[in-house]
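Q: What follows is the residue order along each chain.
Number of protein chains: 2
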Amino acid sequence: MSSYYNKTRRVTVRRRAGRGKYDRATIDAILDEGKFAHVGIATDGQPFVIPVLYARSGDTIYLHGSPLSRLVKNLATGAPMCLTVTLLDGLVLARSAFHHSMNYRSVVVLGQGREISDRGEKLDALRMIVDHVIPGRSDDARGPSDKELKATEVVAITIDEASAKIRTGPPVDDAEDYELSVWAGEVPLSLVAGAPVPDERCGERIPDYLLAADGRG
Amino acid sequence: MSSYYNKTRRVTVRRRAGRGKYDRATIDAILDEGKFAHVGIATDGQPFVIPVLYARSGDTIYLHGSPLSRLVKNLATGAPMCLTVTLLDGLVLARSAFHHSMNYRSVVVLGQGREISDRGEKLDALRMIVDHVIPGRSDDARGPSDKELKATEVVAITIDEASAKIRTGPPVDDAEDYELSVWAGEVPLSLVAGAPVPDERCGERIPDYLLAADGRG
Numbered sequence: 043m044s045s046y047y048n049k050t051r052r053v054t055v056r057r058r059a060g061r062g063k064y065d066r067a068t069i070d071a072i073l074d075e076g077k078f079a080h081v082g083i084a085t086d087g088q089p090f091v092i093p094v095l096y097a098r099s100g101d102t103i104y105l106h107g108s109p110l111s112r113l114v115k116n117l118a119t120g121a122p123m124c125l126t127v128t129l130l131d132g133l134v135l136a137r138s139a140f141h142h143s144m145n146y147r148s149v150v151v152l153g154q155g156r157e158i159s160d161r162g163e164k165l166d167a168l169r170m171i172v173d174h175v176i177p178g179r180s181d182d183a184r185g186p187s188d189k190e191l192k193a194t195e196v197v198a199i200t201i202d203e204a205s206a207k208i209r210t211g212p213p214v215d216d217a218e219d220y221e222l223s224v225w226a227g228e229v230p231l232s233l234v235a236g237a238p239v240p241d242e243r244c245g246e247r248i249p250d251y252l253l254a255a256d257g258r259g
Numbered sequence: 043m044s045s046y047y048n049k050t051r052r053v054t055v056r057r058r059a060g061r062g063k064y065d066r067a068t069i070d071a072i073l074d075e076g077k078f079a080h081v082g083i084a085t086d087g088q089p090f091v092i093p094v095l096y097a098r099s100g101d102t103i104y105l106h107g108s109p110l111s112r113l114v115k116n117l118a119t120g121a122p123m124c125l126t127v128t129l130l131d132g133l134v135l136a137r138s139a140f141h142h143s144m145n146y147r148s149v150v151v152l153g154q155g156r157e158i159s160d161r162g163e164k165l166d167a168l169r170m171i172v173d174h175v176i177p178g179r180s181d182d183a184r185g186p187s188d189k190e191l192k193a194t195e196v197v198a199i200t201i202d203e204a205s206a207k208i209r210t211g212p213p214v215d216d217a218e219d220y221e222l223s224v225w226a227g228e229v230p231l232s233l234v235a236g237a238p239v240p241d242e243r244c245g246e247r248i249p250d251y252l253l254a255a256d257g258r259g
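Here the protein sequences line up with chains G and Z, keeping their order. Everything in the first sequence is counted per our numbering, starting at 43 for the first residue and increasing by one. Everything in the second sequence is counted per our numbering, starting at 43 for the first residue and increasing by one.
One or more hints might be untrue.
Any copy will do: because identical chains look the same in the list, a pair fits if it lies in one copy or spans two.
Claimed, not checked - Computed list of lysine to any residue pairs in SDA-like fashion (alpha-carbon distance at most 25 angstroms, straight line):
id, residue 1, residue 2
1, Lys-115, Ala-217
2, Lys-115, Asp-219
3, Lys-192, Leu-110
4, Lys-49, Gly-162
5, Lys-77, Ser-232
6, Lys-189, Val-214
7, Lys-49, Pro-230
8, Lys-164, Arg-52
9, Lys-115, Arg-243
10, Lys-115, Ala-193
No lab work stands behind these hints, which were simulated from the structure alone.
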């Protein structure tokens, strides 16, 4: 298996090309750290961008949803789609307004979905989606009934065309701007998990896999 | 001015319709809290979804970027687009895998962009984008030069068709599942700002507007 996905022209990062990365290790790590993705489909030229949960296994991304959802129906029938995951790492404050930026790691995957009808693959994918959000959770939660399985469509997307775009580090100002007395640097941002809040009818002890969750896991 | 945006059929929330909101106050608050958006455009039926900074003023959203960027060029020429902002508020862990969910607030805006060529409106929009990310920052940073203004395209999108979708609260399990000894509840998530990190050549005191930044402001 190649250590690179397919760097086609349409996934090549053209603006700030130095920020583009194409190796699997980088792309997979961003997909694994993201909690949710934004998926775009287009109907008669009109794009729709919707947030979804997902999981990655090898070069496959799994999504799920109601078979009645427009997004899922489009994906299941192989409509061209774009899946984007963005991790916001910080705000970059340069001395000039022009050089303000974000530190971020994003992945864009182009391709098309296919419906998963095999019962075993569907069950595995649903476990992966639950475990992607909270590792270890699938062993605890009640698995899907036949009725629930029927009410859930699972879509697989093979990661073929994909790229990452990453910005890290301090602002880069024009040489003459370094003399200005303007604060410049980075404000780091991270997604942080608070203490788990049991629902009213939950008398269970907080499980270890939840105590380990740090919101970026 | 109506207190609702245009609830057309294509922005109406159909799945979990009770989660749909259409009033300006709700939609504007989500747009104002979000740090960045995912914008979708389509080229020959292929969607592309890209993260961007933005700001809202009244019923207008401003974006900026290089005039050479594919996204910005498409937006400036009025291509149909979708702008989505998603705030992830928590993971919802139900007793059944099926009822796992996220708590989130998202907004979808459909429409098209227009290029801002008026110098004054362009300068105002760029200040708003910087201040949206860090309120008060525009008064400190050096404003754009003529050359920088030329190298920046500003696109305005009138918020006309828009909807919000919001999930809050604990998991909702099937009645018989409440007997299971599975932990159930919410893991709250929030985007948190760390201490500002000055760049190597910055000798300035950390300004008050940065000390007030909490990453969600």
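Q: Are any of the numbered hints broken by this structure? If so, which, sorted upward?
A: Going through the list in order, the structure violates hints 1, 2, 4, 7, 8 and 9 and respects the others.
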